[in-house]
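Those protein sequences? They're chains R and P, same order as listed. This note's numbering numbers the first residue of the first sequence as 1 and each following residue consecutively. This note's numbering numbers the first residue of the second sequence as 1 and each following residue consecutively.
Simulated from the structure, these hints should not be mistaken for lab results. Among the hints, erroneous ones may be present.
To be verified - Here are the simulated EDC-like pairs of lysine to aspartate or glutamate, each with C-alpha atoms no more than 20 Å apart in a straight line:
hint, chain 1, residue 1, chain 2, residue 2
1, R, Lys198, P, Asp212
2, R, Lys46, R, Asp107
3, P, Lys43, P, Asp64
4, R, Lys83, R, Asp61
5, R, Lys198, P, Glu207
6, P, Lys24, R, Glu103
7, P, Lys43, R, Glu185
8, P, Lys24, R, Asp242
9, P, Lys276, R, Glu185
10, R, Lys135, R, Asp107
11, P, Lys222, P, Asp212
These numbers come from a predicted model, not from an experiment.
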Amino acid sequence: MTAALKRFSKVLPFNVFVWILLALYLAPVLFMIVTALMSTSQLDDKKAPLYPARIVPYTYDGQEYQLYNVPIENRIQPMALIKPGRASSLLIDPQHPENGLIEWRGDWRTLIGVYEFHIAWENFSHLFDSMPVSKMVGNTFMLAFIGELGVLCSSIIVAYGFARFSLPGGNLLFYVLIATILIPEKVTFIPTFYMYIKVLQWRGTVLPLLVHLFFGNAVYIFLLRQNFKSFPIDLEESAMLDGAGPLRRLVSVIMPQAWPVVITVSLLHFFYTWNETRLASLYLGPSSSWLPVSFAVQNYQSLTPIQNVIEASTLIMLIVPVLILFLAQRYFMQGLIITGAENKQ
Amino acid sequence: MQITNVLRNKISAIPRVSVETRFKRQVGLILISPWLIGLLLFKFAPILASFVFSFTDFHLLNPDQIQFTGLQNYRIIARDREAGIALWQTIQLAFVIIPLQTFVSIVIAALLSSQQLLAKNTMRMLFFLPSIIPSFSAALMWDGFVDPSTGWLNRLILGPLGLEALNHFSYGDASRLLFIISSLWTIGPGILIMMGSMQGISNEIYEAAHIDGAGRLKRFFKITIPLITPAIFFSLVLNLTAVFGGAILLDRGSRWRNDFSSYDGYVNFVLFDMFKLGYASSLAWVFFVIVMIIVLIMFGTSKRWVHFPDREN
């Protein structure tokens, strides 16, 4: 026990340093979470504390009033503000309501409220009231599922080809693969856009969002290939001697070793799909029945003027990816392995 | 008869490739064929098409009246002030953002790989978290965070430190600074890549250096950095692409602030507000050539500073 404590105190300074760094890095996220929990009236209240809070309510005569710290008789006392005024206000002492209304001279706006911790849960229902969230989440999951199927199958097979087979032209094709990652999207976008919209008439369908995925993704292929290359080749050679063909070796020798990187790549693709709005806005339009939740929420956020409601919807949108990140962290957080193996001559 | 003889001689002049190698090549080609077809359909064909478009006055609203205008579009670009400014700003920004992103992701990856770190997986997850926030939401968060009256920057960070409060972030250098800082929210995949290759370095090397008396910093700069140069190279490629608008490892939806006068934003404007497909194509092609030159330079110099272990054997 003491040994563990000793170790803890030894690594503590380093960890405190990392925590401070993390707090700075995530500060806007904390701000988002706190704001999402605040009521709209708190946002307008400059004197309100930084945590989600409200002015303590006080019921008098069937009506709800708010408590303020009022300087009365040389001390500050919480009083319920019944009738606010610039020159004088009417107050009630919550301890002794039987004393009736007390007149206080001064501008009520100089008073500071009596705050209590309070979470404005109603911010969260706003998003669900304004759109069929669950159906749109379903759309996104459907798009993610089809996309994952296409992009994983094709990328894995292509990466296997790059990792284990010599190709005509040596490494030239592999350099082309890396170069395609760097092609500015705009130079291919204009003809593709014209093709989808005018020639194939695919506007309003999900095809422009999905078709290209079935031809692999250069970044994923690169990451998968680097990993496949790092596996020892002996197992595959013995499988080959046993008469296993290329696909058989991929499925029963490579894949069992490749789970971490395959999960990482599929997560990257899931996060991409979950947040994708550009293609959806170009090709689906706002009235499609296939509307993914990210695009709908982005529209909702750009039309909603209230900050806390916006941040609440952001928080809702983060639930699914964070949950998935949390569940898959064991694989995901091993890191992506890039070795120099791509230059094998 | 003679021709077949010539042909036969020619064929025999080609260095003989063993049957096995040829079979391997065929299998390899078949395996990568999905990507090859995609390359033709989604890269080569559109690039060529936009090259052809770039010599026309192609307009989205009356595509039938397309006419060849020769080099006219390129002549207009040479005199287009806005295009020049946007291009210059994009390149300037790239020179600040890319080294910053690379540097910060190396530092964070090193911290997260440290054996002293408690709750490793949780910490890694938290540092990755901003990278899965949609860029539109992230922009709103940052705007709220730096808001002069209600945001936390002035109230929680600058105020307590006794620094002057910042009053605006909507224009000028302040907005540029905010853009640069917020670009650090996209480095999650970069951190993963760096971390992965740091873990690939065997402990024996460190121990040997330790015995030889190399301090922690020296070990970091003399062992870690050289051995992760392939990862640095790849993350440079990805960061470059993210700034210049290519494929992004973790595309989080629409680009962070389209109104920021980047070159990409200007092409968008020409495309979606003016519908000039022809002119937008030539703008895109100019950019394509510039990016490809940068890529060639990167690949050309990579042999000097990227440590490829296989090459040394």
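To see whether the hints hold, each was checked on the structure:
1. R:Lys198 - P:Asp212: violated, 68 Å
2. R:Lys46 - R:Asp107: Between R:Lys46 and R:Asp107 the Cα gap is close to 16 Å, so the pair holds against 20 Å.
3. P:Lys43 - P:Asp64: Answer violated: P:Lys43 to P:Asp64 is near 25 Å, above 20 Å.
4. R:Lys83 - R:Asp61: holds, 13 Å
5. R:Lys198 - P:Glu207: The hint is violated at about 63 Å.
6. P:Lys24 - R:Glu103: violated, 95 Å
7. P:Lys43 - R:Glu185: Holds, at roughly 9 Å.
8. P:Lys24 - R:Asp242: holds, 17 Å
9. P:Lys276 - R:Glu185: holds, 17 Å
10. R:Lys135 - R:Asp107: violated, 51 Å
11. P:Lys222 - P:Asp212: The given pair, whose Cα atoms are some 13 Å apart, holds under the 20 Å limit.
When each numbered hint is compared with the structure, violations occur for hints 1, 3, 5, 6, 10.
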